[in-house]
Amino acid sequence: MNGNIAIQPTAVRKKGGISGFLHEFLKQFDLQLLVIPGIIHIIIFSYIPMYGILMAFQEFRLGDFPGMSEWVGFKHFNYLFTDPNFGLVLRNTIVISLLKLLFCFPAPILFAILINEITNMRFKKTVQTVSYLPHFISWVVAGTLMFDFFSVDNGAINSALIALGIIDRPIHFFGVGEYFWGMAVITDLWKSLGWNTIIFISAITSIDPDLYEAAEIDGAGRYAKMWHITFKSILPTIILLLIFNVGNLLNANFDQIMVLTKQMTNPKLREFADVIDTYVYRVGISGNRPSYASAAGLFKSVINIMLLLAANKVASKSGHEVL
Amino acid sequence: MKRKKSLGDWIFDIVNTLIMLIIVFVTLYPFINSLAISLNDADDTIRGGITFYPRVFTWRNYELIFQNKLVYGAYIISIGRTIIGIITGLLFTAALAFGMAHSNLKGRRFYTILCIIPMYFGGGLIPYYFLIRALGLMNSFWVYIVPSLVGIWNMLLMRTYFLGIPIALEESARIDGANYFTVFFKIILPVSVPILATIALFIGVGQWNSWFDAYIFITDQSLKPIQSVLLSIISEAQFAQRMAQAASGQAGPIDAGRVGKGMTINVRSLTMATMMVTVLPIVMVYPFLQRYFIKGVMIGSLKG
Amino acid sequence: MKKVRIISLLLVTLLVLAVMTAGCGKKAPDTSGPADTPSTTPETGGETQTGGDAGEGAETTDDYSEPYTFTHYFNYDWWGIKPWGEDEVSKYLSQKFNVHVEFAKPDADPAAKLNVMISSGDLPDSIMMERGADNIRLARLGLLQPLEPFMAKNPNLQENLLPQTIELLKIDGKLYGIPNWPRRAPTGGNDVWMYNVRIWEDAGKPKLETFEDLYEFAKKAKNDVGKTREGLDVIPLMMDATGDGWRLVNAFYRSFGGVLNGWYTVVDGKYRIAFRDPLFKEAALEVNKWWREGLIAETQFTDTTDQMLEKATNGRIALLYYDHSQDDTNHFREILRRNYPGDSYEVVDPNPFPPAKGLSPNDIYGDIASTVGWNVTCITTKAENPQRIFDLWTYLLTREGAIIQQYGPPGQLWDSLDDQGLPILKKYEGELTAEERDRLGLWFWMIPGHSDHVDTVKYAINDKLPEDKRNWVVWVQAHILTPTKVISDEFVGIGDVIDPQSDLGVNRTLCEDYIAANFPQVIMAKSTEEAEKIFDDIIKFLDENGMPAIEEEYDKKYQDNVKRYGTVLNKGRYAK
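Protein chains in written order, with this note's numbering: chain A, 184 to 506; chain B, 10 to 313; chain C, 987 to 1562.
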């Protein structure tokens, strides 16, 4: 199992065709048996309901059986691509996702590696436990906290900045459109840092401590150890997460954006905060056009999965293919 | 063998500690703040300005929660679904991940594609609803467990971990005649404790926080999890205050929407209290899991 | 390690058993609930539906001898539910009609839940929802029972509604919905101009009769008063959260003599988007002027209602245009008065909506209310005893019902009525504790409520109280706002003529969304020229994206409404 997936552990004399396949299959029946229940489960719960996707090509009305409504073909997709808002919405989605990829993706990795360097056990555990707390605060509550914290009227940040003499008029953090991208990244970082670190911490714990000792003997300094051992050992996990984050590019965090823009009623932020999901919510769902929402969702999924496959291809070039 | 700490080491440690302290403060403060607000009188909270401690102390918000008879049953349901969900979910997901980590698995390509597609394409709520109904899971506790037995993302994380286990472990066992079941349960799982603990945490938190499945599929009040009950407590408190005078002055359809969306709010304290009630159990359980994130679990198996 | 494993396994098994018995055990009694009531023939429920509602079933209006349980669903995720029968009001109703009601509401995503309910056929017996597309669709799918047969046996509906109300509520010629908050006469009101007493005093107690007076006061508040006594900045004008600026322009437009119905108004007798009205443009530019002069809260567009209330309760807002009745729910005025003795918010007088440009107060329109009220309660085809459901809900539309809803059943807060038919209260309403109100269940079971009955009783009782015990909100509604209110059905149902999924519907969403995004830019423009340009750009966009066609459809319906129900737009600038 160690190393490259593409390598076969044992060479086998292959029989040809379907009977050959069946033969091989039965030989590893115990392995298959471990896998089959899960596969069946996925088929039942994920594939059987998939006929609902047809809604994107139909005009669904209240009370219809999904998949049996009036057929309209690509009408909804046409509406989507010709909507004057589409370009803006697409831009915002991509920019916000890329910014998050740039900042919120590496941060947990760095954080995990730094936590690993803490020597005091108690402090280490405390940091770990406390840092994930924001994950449990719903965006609704977190939003209120953020509004208070960054408020123009004696909010903590503004008061501190003014007291330190850095600015003399309070900054309207949630009132200037251009700041929104930054605010979205910062608030998301705060909320997800601790939680996203968990998977990396757990990956780090499976590293053999002997590796560190061996490296020491070879004269490796602290940073060298952090890079060559800690980082390199969790690289497979990092790649997995990276690929799927790329494959998630068109999904900006709907809850977060809705809350920070007060359900998109903050007009100053609209130009920068409107993403595909919020647009679809406003026009498709609130506008009573469920099929339209469905079509937009399908469009997102198709693009996302193409991005995923592309990212996987790139990763495979360096030997870290995931799929 | 302890190496002497150099100056570089000291500086690194100090800077690291500083960073950690900042992070601890920034993540802990909102929590303390929420705790303070939850212990503060609801009317007074409107005036704003509460930081570390309540200004007008009251247990009222927690009373409102724990006076609700449904809360206790809901706790049992939530604990039940969390524990059962973790055990069953771990089992199914790990088994699948184990198989998928073997490059000699026949049909692996097919299985992989099968797993990825549902992560991106779904049929929506109504077809899912019909499925659940057809399976007889409506209004049953098992609707919390059965549909989530396999988490595809969790499976991928586990698979990545399994791929990192030295193949020597498995091969030596198989040479000794063990079948894959034995390898899985007796060899691989014991050395996978970190990932199992992690995924257990993910599944557990997911189960603990979930309410949407209860909302759509469960009508029996005694089967509702704690989140559903807390949500209804909040909306009841909001509503009871709302209806008093606003309704009778309705001017017509235009204003009708105002009665609902975003009108009072005296319930901020209550909302914080429900958040505490939800999060505190998790915070109390997590340290218990933390000890599985200790290094060196695999060493024994390699050397032994 | 092994021991721990065994013990944990045991614990888990125990837990599983506990949960299963809890889960499975409880199912039995609940599902057999309705079946417990012997008379309603639960097994043949499906077949007797059509029988029952045609009136040939066993149930008559007067026969409440058999208990009946039914489900009622509120199609609003923000609704709050209380168990039936635990407070005095619902206990009384329960005994009177021998019913038990199980309530439900969506926890989130009401549209999804409604869809699921319809697609799967798991309908509630009775449902409260908005009038409009979904409601019409339910009726056309044959999922709702027409109410005519029940009206034949029980005249409560006809006796308490105007004939035109019933006509307006009909779908394809049949009545399906019991209206909630219908009315026959104008009473009450919500949004109103209020001023902060302390700031007003510091500004020299200027008069606030006309709109121009308000402007002067706002300027004084900002420049002369500047800060409150605690040193916080004074905010000249602030309103409740308004993302699209509608509330701002509505307040100003009203003072200019205009009437706004959403983003539409009547121009030269035709129903048009308000942007075509020169007066609306004037109002918008006026808002812009106030904004540029710093007279509107800087955070007006970005604050949440919570944040606005924080400022209000700390006495920082000089002019507050807000729903005064919110004082009963969030106590903004009460909290201010309590924490800052001598300070308060009072409604500007003598005109709650100060007229501008020399107009007479009589030419200003207050709220225009329709007779149909807010939403409807419908009975679905799943209900086995629809007459009983009908009787229960329509009882609450009577004056007697209104008294019970507000003050509880006889024997609790009151024992008998006086010669005007008002309950003689044993204790002042304002002195009831929250627990007492809860136990009595006051003001909770307004499903439906009748505006007239509720308001007239409420006002009369409030007026009888000694002055210091009177409820401010009610007093303002009764004496200040009611005289400004008018009734008209000319605007009912206009939005429903366009199917949201049709091309017109798509355009409508596009246009209204554009307005919501760009109108605030008009308000926040840096100069009058810029404001005008953005305003004209909006009109251009609307014209290019199908608004004229929408206006035409809307106007057709409007003219039809006017023909049938008349119009109140006949004074001031609308005088012919």
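No wet-lab data here; the hints were simulated from the structure.
One should not assume that every hint holds.
To be verified - Taking lysine-lysine and the DSS-like style, the derived pairs with C-alpha atoms no more than 27 Å apart in a straight line are:
1. A:K258 x C:K1068
2. B:K78 x A:K210
3. C:K1077 x A:K445
4. C:K1091 x C:K1077
5. B:K78 x C:K1091
6. B:K78 x C:K1068
Inset, instruction - Please flag the earlier hints that this structure goes against, numbers listed from lowest up. - result: 1, 2, 3
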